[in-house]
Amino acid sequence: MSSYSITEPSMRLKWIAGVLVVLYALITLVPLLWIIATGFKSSSDAIAYPPKVVFEPTLEGYVNLFTRQTRASAEQLSENPPTTWYEQIVHDNGMVISGPSRFGERFMNSVIIGFGSTFLSVFLGTLAAYAFSRYRIPLKDDLMFFILSTRMMPPIAVAIPIFLMFRAAGLSDTHAGMILLYTAVNLSLAVWLLKGFIDEIPREYEEAALIDGYTRFQAFVKVVLPQAATGIASTAIFCLIFAWNEYAFAVLLTSGTAQTAPPFIPTIIGVGGRDWPAVAAGATLFLVPVMVFTILLRKHLLRGITFGAVRK
Amino acid sequence: MSDTALDRVARATPPRVARRIRGFSDRAIAWIFVAPTIVLLLAINIFPLIWTIYLSFTNYRANRPNAVVEWVGFRNYQRILGDPEIWQTMQATAHFLFWTLFFQVLFGFALAWLINAKFRGSNLWTTIIVLPMMLSPAVVGNFWTFLYQPQIGIFNYAVAFVTGADPSSFSMIGDVRLAPWSIVIVDTWMWTPFVMLICLAGLRSIPESIYEAAECDRASKWRQFWTITVPMVLPFLMLAVLFRGIENFKMFDLVVQLTGGGPGSTTELTSINLKREAFEKWRTGYASAYAVILFVTVFGLASIYVKALNTVKNR
Amino acid sequence: MSGFLNGLLRLRRGPWEMLASILIGLGIFMLMQPFFLWAFTWSFIVTLTGTVMFLIVSHFPE
Amino acid sequence: MKTNARLLAATALVGLSTLATTGANAANLTLCWAAWDPANALIELSRDFEAQSGHSMSFEFVPWPNFADRMLNELNSRGQLCDLMIGDSQWIGLAAESGHYIQLNDFFDAEGISMDAFIPATVEGYSEWPKGTPNYWALPAFADVVGWTYRRDWFENPEIQAAFREAYGRDLDVPATQAELKDIAEFFQGREIDGRTVYGAAIYTERGSEGITMGVTNALYNFGFRYGSPDNPYDLEGYVNSPGAVEGLEFYKALYDCCTPPGSSDWYMSETIDAFRSGQVALQMNFAFIWPGVDQDPNVGGDRSGYFANPPGPDGHFAQLGGQGISVVSYSQNQDAALEYIKWFAQSEVQQRWWELGGFSAMNDVVLAPGFADSQPYAQTFLDSMEIVLDFWAEPTYAELLLAMQNRIHRYVVAGEGTAQEALDALVRDWTEIFEDDGKL
Numbered sequence: 001m002s003s004y005s006i007t008e009p010s011m012r013l014k015w016i017a018g019v020l021v022v023l024y025a026l027i028t029l030v031p032l033l034w035i036i037a038t039g040f041k042s043s044s045d046a047i048a049y050p051p052k053v054v055f056e057p058t059l060e061g062y063v064n065l066f067t068r069q070t071r072a073s074a075e076q077l078s079e080n081p082p083t084t085w086y087e088q089i090v091h092d093n094g095m096v097i098s099g100p101s102r103f104g105e106r107f108m109n110s111v112i113i114g115f116g117s118t119f120l121s122v123f124l125g126t127l128a129a130y131a132f133s134r135y136r137i138p139l140k141d142d143l144m145f146f147i148l149s150t151r152m153m154p155p156i157a158v159a160i161p162i163f164l165m166f167r168a169a170g171l172s173d174t175h176a177g178m179i180l181l182y183t184a185v186n187l188s189l190a191v192w193l194l195k196g197f198i199d200e201i202p203r204e205y206e207e208a209a210l211i212d213g214y215t216r217f218q219a220f221v222k223v224v225l226p227q228a229a230t231g232i233a234s235t236a237i238f239c240l241i242f243a244w245n246e247y248a249f250a251v252l253l254t255s256g257t258a259q260t261a262p263p264f265i266p267t268i269i270g271v272g273g274r275d276w277p278a279v280a281a282g283a284t285l286f287l288v289p290v291m292v293f294t295i296l297l298r299k300h301l302l303r304g305i306t307f308g309a310v311r312k
Numbered sequence: 001m002s003d004t005a006l007d008r009v010a011r012a013t014p015p016r017v018a019r020r021i022r023g024f025s026d027r028a029i030a031w032i033f034v035a036p037t038i039v040l041l042l043a044i045n046i047f048p049l050i051w052t053i054y055l056s057f058t059n060y061r062a063n064r065p066n067a068v069v070e071w072v073g074f075r076n077y078q079r080i081l082g083d084p085e086i087w088q089t090m091q092a093t094a095h096f097l098f099w100t101l102f103f104q105v106l107f108g109f110a111l112a113w114l115i116n117a118k119f120r121g122s123n124l125w126t127t128i129i130v131l132p133m134m135l136s137p138a139v140v141g142n143f144w145t146f147l148y149q150p151q152i153g154i155f156n157y158a159v160a161f162v163t164g165a166d167p168s169s170f171s172m173i174g175d176v177r178l179a180p181w182s183i184v185i186v187d188t189w190m191w192t193p194f195v196m197l198i199c200l201a202g203l204r205s206i207p208e209s210i211y212e213a214a215e216c217d218r219a220s221k222w223r224q225f226w227t228i229t230v231p232m233v234l235p236f237l238m239l240a241v242l243f244r245g246i247e248n249f250k251m252f253d254l255v256v257q258l259t260g261g262g263p264g265s266t267t268e269l270t271s272i273n274l275k276r277e278a279f280e281k282w283r284t285g286y287a288s289a290y291a292v293i294l295f296v297t298v299f300g301l302a303s304i305y306v307k308a309l310n311t312v313k314n315r
Numbered sequence: 001m002s003g004f005l006n007g008l009l010r011l012r013r014g015p016w017e018m019l020a021s022i023l024i025g026l027g028i029f030m031l032m033q034p035f036f037l038w039a040f041t042w043s044f045i046v047t048l049t050g051t052v053m054f055l056i057v058s059h060f061p062e
Numbered sequence: 001m002k003t004n005a006r007l008l009a010a011t012a013l014v015g016l017s018t019l020a021t022t023g024a025n026a027a028n029l030t031l032c033w034a035a036w037d038p039a040n041a042l043i044e045l046s047r048d049f050e051a052q053s054g055h056s057m058s059f060e061f062v063p064w065p066n067f068a069d070r071m072l073n074e075l076n077s078r079g080q081l082c083d084l085m086i087g088d089s090q091w092i093g094l095a096a097e098s099g100h101y102i103q104l105n106d107f108f109d110a111e112g113i114s115m116d117a118f119i120p121a122t123v124e125g126y127s128e129w130p131k132g133t134p135n136y137w138a139l140p141a142f143a144d145v146v147g148w149t150y151r152r153d154w155f156e157n158p159e160i161q162a163a164f165r166e167a168y169g170r171d172l173d174v175p176a177t178q179a180e181l182k183d184i185a186e187f188f189q190g191r192e193i194d195g196r197t198v199y200g201a202a203i204y205t206e207r208g209s210e211g212i213t214m215g216v217t218n219a220l221y222n223f224g225f226r227y228g229s230p231d232n233p234y235d236l237e238g239y240v241n242s243p244g245a246v247e248g249l250e251f252y253k254a255l256y257d258c259c260t261p262p263g264s265s266d267w268y269m270s271e272t273i274d275a276f277r278s279g280q281v282a283l284q285m286n287f288a289f290i291w292p293g294v295d296q297d298p299n300v301g302g303d304r305s306g307y308f309a310n311p312p313g314p315d316g317h318f319a320q321l322g323g324q325g326i327s328v329v330s331y332s333q334n335q336d337a338a339l340e341y342i343k344w345f346a347q348s349e350v351q352q353r354w355w356e357l358g359g360f361s362a363m364n365d366v367v368l369a370p371g372f373a374d375s376q377p378y379a380q381t382f383l384d385s386m387e388i389v390l391d392f393w394a395e396p397t398y399a400e401l402l403l404a405m406q407n408r409i410h411r412y413v414v415a416g417e418g419t420a421q422e423a424l425d426a427l428v429r430d431w432t433e434i435f436e437d438d439g440k441l
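Chains as they are written, first to last, in our numbering: chain A, 1 to 312; chain B, 1 to 315; chain C, 1 to 62; chain D, 1 to 441.
Just to be clear, a hint being listed does not mean it is correct.
Ranges of calculated distance between the beta carbons of each label pair, as one might list FRET restraints [to be verified]:
{"#": "1", "chain 1": "B", "residue 1": "Arg120", "chain 2": "C", "residue 2": "Gly25", "range": "42 to 50 Å"}
{"#": "2", "chain 1": "D", "residue 1": "Gln352", "chain 2": "B", "residue 2": "Val69", "range": "48 to 56 Å"}
{"#": "3", "chain 1": "D", "residue 1": "Glu356", "chain 2": "B", "residue 2": "Arg75", "range": "51 to 59 Å"}
{"#": "4", "chain 1": "B", "residue 1": "Trp181", "chain 2": "A", "residue 2": "Met108", "range": "32 to 40 Å"}
{"#": "5", "chain 1": "A", "residue 1": "Thr84", "chain 2": "D", "residue 2": "Thr419", "range": "54 to 62 Å"}
{"#": "6", "chain 1": "A", "residue 1": "Pro202", "chain 2": "B", "residue 2": "Phe102", "range": "42 to 50 Å"}
{"#": "7", "chain 1": "D", "residue 1": "Asp374", "chain 2": "A", "residue 2": "Ala48", "range": "32 to 40 Å"}
{"#": "8", "chain 1": "B", "residue 1": "Val162", "chain 2": "C", "residue 2": "Gln33", "range": "29 to 37 Å"}
Hints are computed from structural coordinates only; laboratory data are not their basis. In this text, a Cβ means the ideal position worked out from N, Cα and C, and glycines have one as well.
Could you put the whole structure together from the sequences, leaning on the hints where they help?
Structure below.
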C-alpha cells in the first residue's frame, strides 16, 4: 500500500481506488434500486420467496398507491367491467376501485409545507445573514450559537411543548403550524449557510454602490442579492430537503389535514396484508426528487451539511 | 445575469416604505433584519423550552385536562436518573453511537482517501455514493424492514450468498443479538458518505507543498500519512464525529421505522423511549424532565461542536 | 501544564473551555456507560455543570 | 411584507373553510377508524346514509399499528378532524373521563335506541364507562374477537392425517385444548407440504402497539391469569402473577419458540394474514374480521380454510375481545349530523346489511336471527367466540398499562430475557405504580 504522493498518484493506485469505490457505490445502490424495482412488481412477485430479480413489470403498485380498492364478489366484478387500464389491473386481482387514496393529498401537503417553509426561512435567513455578515451586532457570536443550537435539539424533546402550544393556539394539524415550525428549524441552517455565502461577496461592491448614490437597502437588493443568488438557491434546496424528509414532528403534530408523506408512506397497507409494491411506489415518487436535487447540488453539498463551515 | 426580478421587488416596494427604509441607520437595518429570526426562534424554541423546564417539576398529563397539576419538585428527575430501564436505553444508544461512528469513520475516511486518488469518473461515483444520506430516514427505514425479512428480503439472501448460510436461518430485526446491528448497518449505509465528504474536504485542504517538503526530507509514505495526512484531516474528522454523534444521540425516525425499539427493548433508543413516555403514556411532566436532560446533553455537545466548527472555518 | 494552570488562574478562555469540554464529555460518558448506576444518576449534574461553565467561560478573553 | 400577506391569506383560507363546513346544513362528516377490510365495507354501507341524509362522508383510516397512537394524539390535541370515531374498546375510560366523547344516554333515550338490542359483551366492552354502569359513550359498531383459522385442506389430507396419528396417537382435528393446539403447530412446523416448507402457527408478537398483548392474553386467560381479585379490580398480586398465569406465559413462549415462522418477531394482524394467505402456516391467530377475506381468498379461501374459537386451557375458556363502538367526538363541529349517523347505523336493516358486506354486527336482531349461524362458514365460530370474551383494562391509564405489558411480555417471549415469573412480577410492579400515580391505590 503506497500512500499519498507528491505528484499524481500512480496508475495502479488509481485503478485499485477506482475499483473499490465503484464496488462500494454499487453495493450502496442495491437497496435504492430494490425500492424502485419493487414498485413495478406485482404483489405476489414482491413477496416471492426467494426474492425475484427478474420479473414482469406491472403498474399495479402505482395504481394501488393512488386508489383505494375493495374486494368484490364474482357477481360484482362481472357487473362492473373495467373501463380503464388501471381499473383493469385492480379488476384482475378480484377487486374494484372504491375511490382515490390519500397519497395524492399527502404528497401535496409535503409540497405545500416544504415550499412554504423554505420560502419563509430563506427570506428571513437572508435578511439575518446579511445583518450578521455586515454589521457589528452585540453578542453576535452568542446569537449565532443560539441560532445553531436550536437545530441541534432532539425533535421529540422539543415536540412536547410545541404540541401543547399548538393545541392551545389551534395550530395542531394545520399547514400554517407546520410551516412555522419547519421555518424555525430551518432558519438556523439558512442563517449559517447564507452568512458564509454573503461573507464571500466583497464589501467593495456595496461601497461602490453607496458612492453611486444607492441607499443601504438598495445596495443590498441590487448588489448583494444577485451576487448571492447561487448561495440562496442551494440554501433553499437544503431547507426543502429537510422539510421534505422530516418525520418526527410530522408524525406527532399532524393527522388528517396537514400530514406529510413521510409518516404516511409506511402506513400504506393494502387489502389484507401490507401492499409492498404500493409502499415502494410511494417511496420512489417521494425519494426521486431528492435524488435529483442531490445531483444538482453536488458542488454545494459539503457546505450545506457543515453549516457553511467547510467550503470546497 | 439580469436582475429584473429584484428590480421589480425594489420598484414594488411602496415609496413610503422605501423612504422609511432609506432613512434607517445601519444599526436600525441590522436590527430590523435580525429581529424576525430572533422573534420566531424565541417563540418556537425558547418559550417552549422554558415551558418544558417548568413542566418538568410537575406531574402534568396532557391527556388528562381535568386532573389537578401538582408541583413535585425534583421527583421526576430523581425517578429518571435512578431508573435502570432508562439507563438501559442509554446503553442501547451508546452501542448504536459507538459502532455507527466507528464504521462511518473507518469507511468514510477510507473512501475519501481512495476518491482523492482522482481516478477517472471519481466525481460521478462520489455523487452516487452520497445519495442515501439525502433521503428521508423514515421512508428508507420502513423499506429496510422489507429488505431484512428472512424469507423474502434480499439482505438475508445477500448474506447467504457470501457466507453460504441458510437465508431463513436468521432474522436481523427479530433476533436480540442481531437487532442492535441491524440499525447500525442501515445508519452506516446512510451516513458513511457524510463522513466521507468531510474527510475529502480535509484531504483536499492539505497543501501539496507540505508533502513536497516531506519528500525532500526523505520521510517514508507511511510516515507522511501519520505525520501529515492524519493530523491535517483530524479537525475535519472531529467535526464529522461530533455532528454524527449529536444526530445519532437523538436518532428517532430511522430506528422507529426499522425496529420500533424491539425485540423486547433491545433497540429502544432514548428518543424512542422518550416518545413513548410523552406521546403514548402521556406522562407530560415526567417526559419534560426527560427532555430537559437530553436538552442539556445535546446543548453541551453542541457548544463543543461550534468550537470545532470555528476551528475548521479558520483553517 | 503550568501554562494551563496559569491560564485557569488568569481566567483565560482556552484552558477553561478545555475544562468545560472535559466535564461535558465526562457527563456524557457517565450517562451512557454500562458499569455503575450511580454514575448514571450523577451524570446529569456533571453535564449541566460543564454546559453552564462553557457558556460562561466562552466570554473570557483569549 | 410579502410573507405577511401570504400568512394572512393562509389563515384566512383556513378560517373560511371551517366556516363553510359549519355554516351549511348538509355537513361533511369525517369518520375515523382503522385501515382494514371492514373499513372498506363501511364506506360501501355509508353510501346509503349519504343518499338518505344529504350529508357527505369522508373517512380517515389509519393502520392498526399506528391507530391508537395517531387517534389518541388527535383526541388529546383536541383536533376537529374526526366527527365520528370508531375508537378501540380500551380507550373508553380515557375518552369518557377526559371528555373526548360525548355521552350518548340522553340521545339514546330520545331516539328509542336500547342497549338491550346488542350482544351484552359488546355493550359492556365498547360502550360503558365506568364498567357495569348504564353510562354509554358509544354504540357497539363492530364486534370482534380473537379466534383461529386453519388449513382445512391440510387437516383433511389422508397422508398428513396418518402421519399425525402416528406421532400423537389421535386424529388430526380442530384442537380441543391449548395443549392440542401446540401439538398441531409443532407437528406442522418445518413439514414439507406440496414441495414447500411450512410452519406451525402465525401468532401475534408485535411490539410497538398492542400486538403481543392481544395475542398472549388468549393463553394467559385460559391458564388462570386474572386482571384483579373479584372484589377489588386493582388487587393485582397473586392474580396477574398467579402460578397459572406463569404457566400460560411459558406456554405462549414455548409456542413462539417451537412453532412459528422464522422472523415472526414483530407480527400483528397484517403479517399473520400474509403468512396464512401465502401458504406458510397451518394455523393463524387473528381477529375475526379477517375471516370474510380468508373465505374469498383465491389461494386459501372456500373449503381450504376452517375456523375455530380459541380453545380452553386448564383454568378457563376465554378469548381476547376486539372490536369497537362508534362515538361522537366532543370537539366536532358537526355533532348533530354525527348523531344522525349513529341513529341511522342503529337500525336493524342497516345492521343486517353491515353483516352482509363483511362487518361484524353486534346487534341481537342480526346475530340471533334464525339462519345466521349458517349464513357464512365462520358465523358459528364467531357466535361461539363472542360467548367467551374478556377484555384488557379500559382504565383512563390504559395506554400506560398496555405499554408496560407490551414491554414485559415481549422481553420475555421474544427477546428471551428472564423467566415468566419475573416478567409477571415486574408487570405487577409496573401496574401498581401506574395505579398509585393515578390515585386508584
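Against the structure, the hints come out as follows:
1. B:Arg120 to C:Gly25: 42 to 50 Å: With Cβ atoms ~43 Å apart, the hint holds.
2. D:Gln352 to B:Val69: 48 to 56 Å: The hint (48 to 56 Å, Cβ to Cβ) holds, given that Gln352 of chain D and Val69 of chain B are roughly 49 Å apart.
3. D:Glu356 to B:Arg75: 51 to 59 Å: The hinted range 51 to 59 Å holds for Glu356 of chain D and Arg75 of chain B, with Cβ atoms some 56 Å apart.
4. B:Trp181 to A:Met108: 32 to 40 Å: holds, 38 Å
5. A:Thr84 to D:Thr419: 54 to 62 Å: holds, 60 Å
6. A:Pro202 to B:Phe102: 42 to 50 Å: holds, 43 Å
7. D:Asp374 to A:Ala48: 32 to 40 Å: holds, 38 Å
8. B:Val162 to C:Gln33: 29 to 37 Å: Cβ of Val162 of chain B to Cβ of Gln33 of chain C: about 35 Å, so the range 29 to 37 Å holds.
Every hint, counting from the list given before, is met by this structure.
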